[in-house]
Amino acid sequence: MSESYENDGQAHEQYITEVLAQYPEKFAKRRKKHLAVAKAVEAAPEAPVGEEGPLLTECDVKSNIKSIPGVMTIRGCAYAGSKGVVWGPVKDMVHISHGPVGCGQYSWSQRRNYYVGTTGVDAFGTMQITSDFQEKDIVFGGDKKLDKVIDEIEQMFPLNGGISVQSECPIGLIGDDIEAVSRRKGKEIGKTIVPVRCEGFRGVSQSLGHHIANDAIRDWVLDKSAEADWEAGPYDVNIVGDYNIGGDAWASRRLLEEMGLRICGNWSGDATLAEMERAPKAKLNLIHCYRSMNYICRHMEEKYGIPWMEYNFFGPSQIAASLRKIAKHFGPEIEAKAEEVIAKYKPLVDGILEKYGPRLKGKKVMLYVGGLRPRHVMTAYEDLGMEIAGTGYEFAHNDDYQRTGHYAKPGTLIYDDVTGYELEKFVEKIRPDLVGSGIKEKYPVQKMGIPFRQMHSWDYSGPYHGYDGFAIFARDMDLAINNPVWDLFDAPWTDGGELLAAAE
Amino acid sequence: MPQSAEKILDHGPLFREPEYQEMFARKKACDGAASFDATALQGEYTKGWEYREKNFAREALVINPAKACQPLGAVFAAAGFEKTMSFVHGSQGCAAYFRSHLSRHFKEPCTAVSSSMTEDAAVFGGLNNMIDGLANCYSLYQPKMIAVSTTCMAEVIGDDLHGFIGNAKAKGSVPEDFDVPFAHTPSFVGSHIDGYDNSIRGILEHFWKDSPTVAGSSETINIVPGFDGFCVGNNRELARILGLMGVSYTFIGDAADQFDTPSDGEYRMYDGGTTIDELKAAKGAKATVALQHWNSRKTLDYAASVGQETASFHYPLGIRATDELLMKVSALSGKAIPEALRLERGRLVDAMADSQAYLHGKRYAIFGDPDFVQAMARFILETGGEPVHCLSTNGGKEWAEDMQKLFDGSPFGKDCKAHEHKDLWHLRSLLFTEPVDFVVGNSHGKYLERDTKTPLIRLTFPIFDRHHHHRFPVIGYQGGLRVLTTLLDKMFDKLDAETNISGETDISFDLTR
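Residue numbers (our numbering), protein chains in the order written: chain A, 1 to 504; chain B, 1 to 513.
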């Protein structure tokens, strides 16, 4: 649907040079490796087309490296990756923010992982449960406190399906043995208790927290899969790496069910522990957020022989391509149904494109998000006729930047672990029509008079996945860009910021 | 098909469509979680006295606390000074959290850098992170001052800020004479209000320690506002009041402009705030006045130690609390309280008299930082209401004693109780077992409103789900008028909602109230 376009790579190279000039020399050198302009690749006609379509550009930059101190990185920490992303959405478990009060307080209800349940009774997603460490816990260790916290959780929330212990920084520094406590208490209460070593100082970003959280699922949850009460069916799949932000996973699940698949488990938006335990009984793992959950897919492939497949439910081109790819795995019957699903939603898609396409065509977008969306949402914008001028990740790895080459057009500005300074300068120079990033970036960008949408939380909207979500996505981008407020910035008695001379 | 291009449904209505409801039912049937019956039974049980007793017997578990950690307060404090960058020494995720948290409340940019310490720094200490971090911060963001605070990681490993900063200066990270005040702000001690206090004290010590200026050499009064999510409205209101009185004053940190920059095409990373010159001169002030006592204890001790007179208040909201502030400022400055303020006072009293019938005897629960709860309880008593459950997660024993004195001083306080170090799960039990008419607090109270159906009035930090309230003052007589109107609006909306079914409940759907 999108037309081919190219960005002004030369100008973008120039912007990179300009921002680097502001750094002390040593750090200019280090930052240089994280900034690049996507270069066109000459695809040989016979070159095999990868899972994500042909390679368009090379977007390689250094990534997954420590942030430089003092630069205002936008990244978070391992705790954010584990409690905030992977574990937090498992709704029938109580997740203890183990340590001081802050981490749990700031992340409380902020990811918008929707779920169905009675909060505080059989679901605990939008609660802040903490061991609230005091000085004595640091000095004498917190294991005894954790023991008591678990007892009190059982008293307060007897219907919990299990407990996870999300470590904050001090836990690893004071030598607490949360594994021993978890094992002992788990036996005592007869429930799964998962210790997670996601202290914030581990690794360089949220990313290691995802990995540690995946390993904890492997070690403390999947070992119970043999006993799981689930009669396996031929079309059972797991949705992996969909956190149901604003209901994303539901908009996705609907499409998969419509094409005849059965969802065994949803990881981890709106998930229950039981759904996770039975995951190894599925026939295929469908992974949306590759960055945060590829580890467990690889493990299930190795241990249980379950294949996995990446898919993309942002925007109609990718949704259709993904539905076909998934259906192909299951054979003609499902393939035929997938075609029916695509056809059923075609009028909706046509209606959306007809309504919003003319209002959004040719608008330039800059993105800076986590580990998946900086590439995954590109085609959704392009479906609406919009163009991506720049994109970057907070915590991507090498393989993410390689995958980005299947999406990014030549000349696209690429920025890894961008600093507040760089992003501000890039936005100022490029002056895109829309920036999609996080809450910390939202207000500076809007002050410049540039429309903005939060692309972590969907700016309190969503879902953006699936066909139902695409309608909301298109509407949201339109309302951001075409709101009249952007024309009110200049006071009429000033001229380009300079006050006009007083009338004579 | 629920969605259409003509009428695009948001998540609320979208998920109430039958396609989704049926899907939820299919999922529930096999999700392995508690049954509907078990959930209903337990849900009822949590509403009773027995559950309340177990709930109050908790010793270790904290559920939905109404407090944050120290460095958040330090980042807020630093935002009150001219061109000052917050530097959070420790893990980088903390800085991201503080920035997000403050941005979500103020709907404004919030800056802070981190020294991004990782495993190696945990072993060897964060000295190199400090050296590189200060250098980068200085060259990229060109601040006039860098205010350093710490995360619990740096505190647990025992990093020495004083030594580290000296070392970084020796290595040329920032010029020798560049101001880098610091404060240790361990998150496992106290809360954000203590982090605020430590940070302000650290900044004052930095500028006053070796200064020859003598306290009392000027007529100026220092104002320490405390951690205040309504600083935008409140600081400007207080400045107006002090201007009317003709008092010479210096805010020790004023984040009003920093958290309220205009949209005119330019992003101002820094705006407003107390200047370094003002800070230096502030040592000569004759007095330092703290608007929030529990936020400022260490700062007041320090001000007293340099020879200044000190006074403190509990967030001067309502009639008598504002009276006391004005009279104290008048006594300290020798400036009379002008007629204009007496008229403002009279207008607020007039408004309270007009509406008294609707607020008399109303029962409230209040939660938040200790000074706010104290202020709000006092104002509610002035309206003839009863602040039945007053709860503060970061309020201590002394605070509870102060609260009891407040209750004892009013006939409307006889059934009221202060709950120190308690959380919002405790409050949930209180609301179920001893219901009230309204809850006053912050956005986190919306879960209490959902569960107990007690209407929530958002009047303190953090407010995430309503916009711009913080841009209006709640202190002083003008602020009192706003608080009064906010209480009344909620009360009248509730009254209308209870009487708006045509032919059923609308007998009392009065046009004039």
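No wet-lab data here; the hints were simulated from the structure. Quick reminder that beta carbons are idealized off the backbone N, C-alpha and C, glycines included. There may be inaccurate statements among the hints.
As the list claims (entries may be wrong) - The calculated label-pair distances, taken between Cβ atoms and stated as ranges, are:
#: 1; chain 1: A; residue 1: F140; chain 2: B; residue 2: G166; range: 28 to 36 Å
#: 2; chain 1: A; residue 1: P492; chain 2: B; residue 2: D510; range: 55 to 63 Å
#: 3; chain 1: A; residue 1: K187; chain 2: B; residue 2: K453; range: 47 to 55 Å
#: 4; chain 1: B; residue 1: I337; chain 2: A; residue 2: V139; range: 30 to 38 Å
#: 5; chain 1: A; residue 1: H397; chain 2: B; residue 2: A170; range: 49 to 57 Å
#: 6; chain 1: B; residue 1: S211; chain 2: A; residue 2: E25; range: 30 to 38 Å
#: 7; chain 1: B; residue 1: A170; chain 2: A; residue 2: R359; range: 53 to 61 Å
Query raised in the report: Has the hinted range 47 to 55 Å been met by the Cβ atoms of K187(A) and K453(B)?
Result: Hint violated: Cβ distance 40 Å, outside 47 to 55 Å.
**Report entry** S211(B) versus E25(A) beta-carbon gap, inside 30 to 38 Å or not
**Finding:** holds, 36 Å
Report task. Look at the Cβ atoms of F140(A) and G166(B) and judge whether their distance stays inside 28 to 36 Å. Result -> holds, 33 Å
Query - Consistency of beta-carbon spacing, R359(A) to A170(B), with hint 53 to 61 Å - result: Since A170(B) and R359(A) have Cβ atoms about 58 Å apart, the given range 53 to 61 Å holds.
Report task. Note whether the CB distance of H397(A) and A170(B) lies within 49 to 57 Å or breaks it. Result -> Violated, since H397(A) and A170(B) (Cβ atoms, about 38 Å apart) do not stay within the stated range.
Requested in this report: Could you see if the CB distance from P492(A) to D510(B) stays within 55 to 63 Å?
Outcome: violated, 45 Å
Query raised in the report: Using the C-beta atoms of I337(B) and V139(A), is the stated range 30 to 38 Å upheld?
Result: With Cβ atoms ~50 Å apart, the hint is violated.
In summary, the numbered hints that this structure violates are 2, 3, 4, 5.
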